[in-house]
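K.L.:
Since the structure of chain P is already known, use the hints to place chain B on it.
Each chain, written out:
There are 2 protein chains.
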Amino acid sequence: MNEKNKQASLSELSAFALAVAQDVTPLALSYFRSPLEVELKADQSPVTVADRQIEAAIRVKVEAAYPEHGIFGEEHGQAKTDSANLWVIDPIDGTKSFISGMPTFGALLAHLVDGKPVVGVISAPATGEYWLGVQGQPSLFGLTPCKTRDCRSLADARLYTTSPDVFDAAGLAAFERVSAKAGMRRFGGDCYSYGLLASGHIDAVMEMSLQPYDFMALVPIIEGAGGRITDWQGAPLSIMSSGQVIAAATPALHAEILTLINA
Amino acid sequence: MNEKNKQASLSELSAFALAVAQDVTPLALSYFRSPLEVELKADQSPVTVADRQIEAAIRVKVEAAYPEHGIFGEEHGQAKTDSANLWVIDPIDGTKSFISGMPTFGALLAHLVDGKPVVGVISAPATGEYWLGVQGQPSLFGLTPCKTRDCRSLADARLYTTSPDVFDAAGLAAFERVSAKAGMRRFGGDCYSYGLLASGHIDAVMEMSLQPYDFMALVPIIEGAGGRITDWQGAPLSIMSSGQVIAAATPALHAEILTLINA
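If you read the protein sequences in the order shown, they are chains P and B.
First residue of the first sequence: 1, per my numbering; consecutive thereafter.
First residue of the second sequence: 1, per my numbering; consecutive thereafter.
The following block holds chain P by itself, in its conformation from the complex (with noise of 0.2 Å):
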């Protein structure tokens, strides 16, 4: 086999991501609503053996499926991330949701080559609902096309952010420069605002302290759906973004928050 069969299809990563983010819906959803052990981290963010177990499970599958790719994940660090392929994984995004028993977190996996996001799967196993995103194609709800709403004003649009909390002073003080033009303003969600935003449910949704794993896989979601993300400064996602993330329904909307952000 030579190097270019070795190169996979975005057609067989989507396929492959989708698959093993669905796979792993029995062992979340064993652990959801159970008593569990809640561990701190460094950073103060929650950590349970259903994130550790469940990520494990995904690099099995990786690594049996692509021995040569790299992996980039939350709970069990990075492996061969000088791979062109880089699968980033989020086993449970929303942790605090989680441990909650609130049905809005979800497991995130993304596949980039070279630096890239290319495809990227919103898996919720508390509903059962997924978003799937393939560079250059339509995002799917399911097996459905999905789409953003045509919200190009603030003044008519729905901003999410998961917790105040997750802003410093600077950055509070911008979402609340944002928020107060925008026609509603509402908290809680995590990686499932984002798919609410590609879904045309919803407008918007600023954050900050976010990591890699984190928003990777909302990328190709939300630009597939026609809406725009970016960070803080209009510069495409990358694994080296500050964690600054401002997603929007459309261009007009994006460029609206942008200038408020930065005002």
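By construction, these hints were calculated from the structure, which means they are not laboratory data.
Hints are supplied without guarantee of correctness; some may be wrong.
Far from chain B, some chain P residues (derived; all Cβ distances over 10 Å) [stated by the list, open to error]:
1. Ser-83
2. Ala-84
3. Gln-233
4. Ile-239
5. Gly-243
6. Thr-250
7. Leu-260
8. Ile-261
When the alpha-carbon atoms are kept at most 27 Å apart in a straight line, the in silico DSS-like pairs for lysine-lysine are as follows [what the hints assert, rightly or not]:
9. B/Lys-41 <-> B/Lys-61
10. B/Lys-181 <-> P/Lys-41
11. B/Lys-41 <-> P/Lys-181
Here a beta-carbon is modelled for each residue, glycine too, at the ideal position from N, C-alpha and C.
P.N.:
For chain B alone, kept in the frame of chain P given last:
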């Protein structure tokens, strides 16, 4: 039939309440995640045709079954409130979640006898779950009795509130005092948070600016699960309450929070 026979039993009232709350699930789901015109009421809270139709459907059934009972609904107002028997209806608790596609909204139905809530239902149409509370009986999550977690200390507690925006300045200061000592604080959830409290997944919910239809159904559910729910002065919730609500998994946790609120 004499007067005595006309007084419905708790088991009859609770079976009726549960059936009625669940009967409107298809109606709620028919509007969920579909384009809806959102109006703002005088208090700037949103309302849709779904809220109005669901409440109307519930009122028709209550009036047919118990023509002499009073009704207090969020959207269609009060009727026969001088009756010793009163039905309190919130057709969509969490309208902002509902119009955002978030599955945590719910239909709330309470039955009061002489002002005291003796039956309460939280029905979550999007997840198909419900909680039922009946005075003097263990609360149910679906068909299974549910119980709060034995959390007696705020340092161990998972604290929720729907949004920082529910508080006025003094209320927000009180929430900051309480949440600063909580094991975890988190936002979002509406009535669903109280269900998760009754099921032992979270330990406290603190809110203000609520209306009777937002909280009367919660009382039998929280109390029948072993928790405690009052206003911020520790007084029982009633139709005349101020709208400040504190719910906790145990009397000890409730007392600790109450002390901090009033510090």
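K.L.:
The structure should be examined with respect to each hint, and the outcome stated for every one.
P.N.:
Hint check results:
1. Ser-83: 37 Å, holds
2. Ala-84: 37 Å, holds
3. Gln-233: 27 Å, holds
4. Ile-239: Consistent with the label, P/Ile-239 stays out of reach of chain B, its closest Cβ about 28 Å off (over 10 Å).
5. Gly-243: 19 Å, holds
6. Thr-250: Non-interface label stands for P/Thr-250: nearest chain B Cβ at 16 Å, farther than 10 Å.
7. Leu-260: P/Leu-260 clear of chain B: closest Cβ-Cβ about 18 Å, beyond 10 Å.
8. Ile-261: 20 Å, holds
9. B/Lys-41 <-> B/Lys-61: 26 Å, holds
10. B/Lys-181 <-> P/Lys-41: 19 Å, holds
11. B/Lys-41 <-> P/Lys-181: Holds, at about 19 Å.
Going down the numbered hints, you'll see the structure goes against none, and every one checks out.
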